[in-house]
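Visitor: Sequence:
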Amino acid sequence: MRMKRIGSGAVVACACSSVALAQQFIEESTTRFPQPDPNDWTNQATVGDIDNDNDLDILFANGGNFSTPGSPQRVRIMVNNGSGIFTEESATRIGSHTGLYRGVELGDIENDGDLDVILASDFNQRPRLFLNNGAGFFTDVTVARLPANNASSPRAMFGDIDSDGDLDLYVCNGGTTNRFGCGQNYIFVNDGAGTFTDQTAFRHPAATLCEPQDVIFGDVDGDFDLDARTASTGTNQSRLLINNGSGFFTFVNTPSDANCYSYDFGDIEGDGDLDLFGANAHPSSANADLLLLNNGTGGYSDVSAQLSPNPNVDDNDSKFFDYDMDGDLDLFVARLGGTSERIYSNNGTGTFTQVSGLITPIGDSSLDIKVADFNNDGRPDIVTAQGESGSFRNRIYMNNGPQDNRPPRIIRTEQASLVAVAAGAGPAPLRVRAAIDDQFTSDRGPILRGVKLAVSVNGTPPVLSDMRWSGHEVYRGIIDPPAVACGQLIEYWVIATDWAGNVGTGPTLSFSMPGSPPQADLDGNGIVDSTDLNIVLTDFGCIASCTGDIDDDGDTDSTDLNILLATFGESCGAG
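The opening position of the sequence shown corresponds to residue 72 in the numbering used here, with each subsequent residue numbered one higher.
These aren't lab readings, by the way, just hints derived from the structure by calculation. As the structure is a prediction and not an experimental result, all values here were calculated from the model. Beta carbons are placed, not taken as given, at the ideal position from N, Cα and C, and that holds for glycine. Errors might be hidden in some of the hints.
Okay, the calculated beta carbon distance ranges per label pair [said to hold, decoys possible]:
#, residue 1, residue 2, range
1, Arg502, Ser629, 28 to 36 Å
2, Ser138, Ser581, 55 to 63 Å
3, Arg477, Val212, 36 to 44 Å
4, Gly166, Asp262, 24 to 32 Å
5, Ser581, Thr102, 48 to 56 Å
6, Ala215, Pro382, 42 to 50 Å
7, Thr210, Asp269, 18 to 26 Å
8, Asn220, Asn315, 18 to 26 Å
9, Asp124, Gln474, 16 to 24 Å
Take the sequences, apply the hints, and build the full model.
Guide: Okay, structure coming up:
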């Protein structure tokens, strides 16, 4: 029997079906969210530091009804004061427009260091794109930057599908009526400056899929590119899409599912791959959940028996998080109706047991959940988004349990290598990608304060550069090799800092600069530069044992000078 340390530090056994504990997650919506509550029909939320002030803000996507258009509602922007107290600043930050929004997500579409916004609209509307000015104020750039595609869309997600360093878009589409219809999902590709083109026809399999509800990116087969998982409330209409590395997708078979509202990735047994939880998705039991185990190469098997209990209730969303900070990912499940959300404890090998009494028991209608540290105390808190029934009151639960003292994990780092380059071309910049996880996750993967790529040449102090988020757990950096001599060693490693300030360092990888020295590299530093020119000029006119004799004819003359000038700037050649 494995023992788990929960919340206050008491040790309890987790072999029983349910363990009652003192509340760790306390509902504090009245004191932390603006009052009176707007009671919007909220479909989905996202979390991020939109104003770059080192705290996490919240955006709510609003608009109903269930299967017919309701009243358009505004997107709500809740700005954090750093202590987990929020003000509603939608009108000043994103304008007074309204819509029938099912999804909202954040991503930096122009690589300028701030988070932009995509809103997914139901009922055959165009998705809307908003550009951040860096301080959390947004401009609608939909017409100028998005294709003119209407969609009945519950979800749109950013990710660098073609590994070119910018964020593309996957947009779910239920057709021309609502998200419970059938349609072709879209892929919009970024030109690098934040303008998108529709490349669905040759990047996405041609398929009319019904009742789409969700999409997430993740590297399911360990090759550093982004694959995609869609969710559908239709029977066997969800799909796993495998990326060929250049942003072209194919469908692969996975266990059957039905009536799925969302999928979420998490490494449930700590082996470094992405397992899956499907809310409401089990095909053989109405409204039961589906737990899928990854074999490491993107093949999934049904291990739903490892979830206890697995009730037939209306679950809508889930998140993996380590609520007791014992090093494995536990599980939070959001329920529509009932007496409370459910929290499950992981025994470390991917077997989950419900733990009762951890969260303030409230019977409401949770359509979406987010886990993040909102008051910067090192503990992941919980936000639920409410719609469809009840009072539609979005809620926040503050965590009084153990602080996060575990560093993020660099699961794997891409091996870079330089082939011999053509003479005069110089060393080309190299892409390095890394997969990173942490103690809690989101639809965009772990919430990190920063990821750096450290590069050292022949043991010199490392130079650090930012790695950019590519999608879910994947980050991308560039090694721009300096002018170093052929054969010198380039070492590199990844450093990730999570929201609690814990620092994780990945393994050191390396490669050597290939090729042969250029003919006119007289000082042996790997490049023809001003030092070599000075050698020739100083030695010009020498007629015996000449340092500047490039053509080996015994003297330093105009021929040597012309060779140098013609090859100035060359580095390691093709050898």
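Visitor: State for each hint whether it applies.
Guide: Hint by hint, here is what the structure shows:
no. : hint                        : verdict
1   : Arg502 x Ser629: 28 to 36 Å : 43 Å, violated
2   : Ser138 x Ser581: 55 to 63 Å : 57 Å, holds
3   : Arg477 x Val212: 36 to 44 Å : 39 Å, holds
4   : Gly166 x Asp262: 24 to 32 Å : 25 Å, holds
5   : Ser581 x Thr102: 48 to 56 Å : 53 Å, holds
6   : Ala215 x Pro382: 42 to 50 Å : 48 Å, holds
7   : Thr210 x Asp269: 18 to 26 Å : 22 Å, holds
8   : Asn220 x Asn315: 18 to 26 Å : 24 Å, holds
9   : Asp124 x Gln474: 16 to 24 Å : 22 Å, holds
When held up to the earlier numbered hints, the structure conflicts with hint 1 and nothing else.
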